[in-house]
Amino acid sequence: MHRSALILLLTASLASAHAPETPRSYDCYRAPHPIKIDGKLDDPAWRRASWTTDFVDIRGDAGPTPRFRTRAKLLWDDTYLYIAAELQEPDVKATITQHDAVIYHDNDFELFLKPPAEVDTPDGSKQPATGYFEFEINALNTSWDLYLDKPYRLGGHADSSWNIPGLKTAVAVQGTLNNPSDTDHGWTVEIAIPFAAFASRLPVTAPHAGDQWRANFSRVEWPKGVDGHNPANNKPGVHTEDNWVWTPQGEINMHIPEHWGYLNFRNQP
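Under my numbering, the first residue of the sequence shown carries the number 8, and numbering increases by one thereafter.
To be clear, the hints were calculated from the coordinates, so they are not data collected in a lab. It is possible that part of the hints are untrue.
Claimed, not checked - Within a straight-line C-alpha distance of at most 25 angstroms, the following computed SDA-like cross-link-like pairs (lysine to any residue) qualify: (1) K47 with P123; (2) K157 with T190; (3) K43 with Q95; (4) K133 with A101; (5) K157 with S57; (6) K43 with P276.
To be verified - Label-pair restraints from in silico Cβ distances: (7) Y269 with G182: 29 to 35 angstroms; (8) P39 with K231: 40 to 46 angstroms; (9) T183 with T86: 33 to 39 angstroms; (10) G131 with H192: 38 to 44 angstroms; (11) S32 with T137: 20 to 26 angstroms; (12) P129 with R37: 15 to 21 angstroms; (13) T102 with D130: 34 to 40 angstroms; (14) T190 with W58: 20 to 26 angstroms; (15) H192 with D127: 28 to 34 angstroms; (16) H40 with V126: 23 to 29 angstroms.
From the three backbone atoms N, C-alpha and C, an ideal C-beta is built for every residue, glycine too.
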């Protein structure tokens with residue numbers, strides 16, 4: 008094969024390996040009443056919401072099928088965005104208790120939100136904001152909320168001083184926490200984020216029916232025998248964490264907002 012043709016073929020292959028699948032889309036319906044946040048997902052309002060498709064490897068088809076099922080559902084009202092998640096897990100465990108610690112050193116659930124917003128430019132015009140929001144939580148109901156002014160690859164910085172005023176979270180464990188001697192079913196999470204919480208970083212307003220946000224949801228799962236807190240303790244070459252997501256990124260990097268899915272706000276199912 009001619010060298011130039013080989014280069015073109017290799018370039019195309021690499022591009023294909025990193026090309027994400029078509030981003031998923033989710034219709035988020037209005038909640039009929041405020042949701043009681045207790046982690047149990049038994050509030051009647053959740054009957055209105057469909058589950059997302061099951062999470063897949065962050066790379067998409069290039070990665071293995073997740074060992075455990077993860078899925079989420081969402082609702083909204085004038086005040087809150089509600090998120091519920093179900094994580095199958097035969098050994099539910101968590102150790103981090105400090106707010107704004109690096110939660111993904113435990114097994115965790117994560118959400119990424121990029122509401123539409125415009126910011127001023129030096130010439131007085133407006134341009135779409137590059138910033139977005141991240142939230143992580145473990146099975147001890149310990150969380151980390153942060154704002155990023157732009158993706159890391161573009162020189163972005165994580166701002167953990169952004170704390171969500173009025174945040175409500177709860178976790179329910181279907182089994183026993185931190186007891187490897189039995190088999191658990193998993194854990195469920197409920198989150199209520201006030202729309203007003205974003206305004207301290209970006210001029211975000213509460214959505215209306217017909218609005219669309221970019222969003223993605225992730226789960227970090229550390230295989231048995233792998234130490235997420237002290238990587239140096241792991242054997243050389245040992246498999247590190249699994250990253251399972253709602254809509255694939257095409258590579259192991261959650262911080263590519265243009266690869267996230269679409270959250271469509273609707274009034275009625």
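Results for each hint:
{"no.": "1", "hint": "K47 with P123", "in the structure": "31 angstroms, violated"}
{"no.": "2", "hint": "K157 with T190", "in the structure": "41 angstroms, violated"}
{"no.": "3", "hint": "K43 with Q95", "in the structure": "22 angstroms, holds"}
{"no.": "4", "hint": "K133 with A101", "in the structure": "44 angstroms, violated"}
{"no.": "5", "hint": "K157 with S57", "in the structure": "31 angstroms, violated"}
{"no.": "6", "hint": "K43 with P276", "in the structure": "20 angstroms, holds"}
{"no.": "7", "hint": "Y269 with G182: 29 to 35 angstroms", "in the structure": "34 angstroms, holds"}
{"no.": "8", "hint": "P39 with K231: 40 to 46 angstroms", "in the structure": "42 angstroms, holds"}
{"no.": "9", "hint": "T183 with T86: 33 to 39 angstroms", "in the structure": "35 angstroms, holds"}
{"no.": "10", "hint": "G131 with H192: 38 to 44 angstroms", "in the structure": "56 angstroms, violated"}
{"no.": "11", "hint": "S32 with T137: 20 to 26 angstroms", "in the structure": "22 angstroms, holds"}
{"no.": "12", "hint": "P129 with R37: 15 to 21 angstroms", "in the structure": "39 angstroms, violated"}
{"no.": "13", "hint": "T102 with D130: 34 to 40 angstroms", "in the structure": "50 angstroms, violated"}
{"no.": "14", "hint": "T190 with W58: 20 to 26 angstroms", "in the structure": "23 angstroms, holds"}
{"no.": "15", "hint": "H192 with D127: 28 to 34 angstroms", "in the structure": "50 angstroms, violated"}
{"no.": "16", "hint": "H40 with V126: 23 to 29 angstroms", "in the structure": "35 angstroms, violated"}
Checked against the numbered hints above, the structure violates hints 1, 2, 4, 5, 10, 12, 13, 15, 16; every other hint is satisfied.
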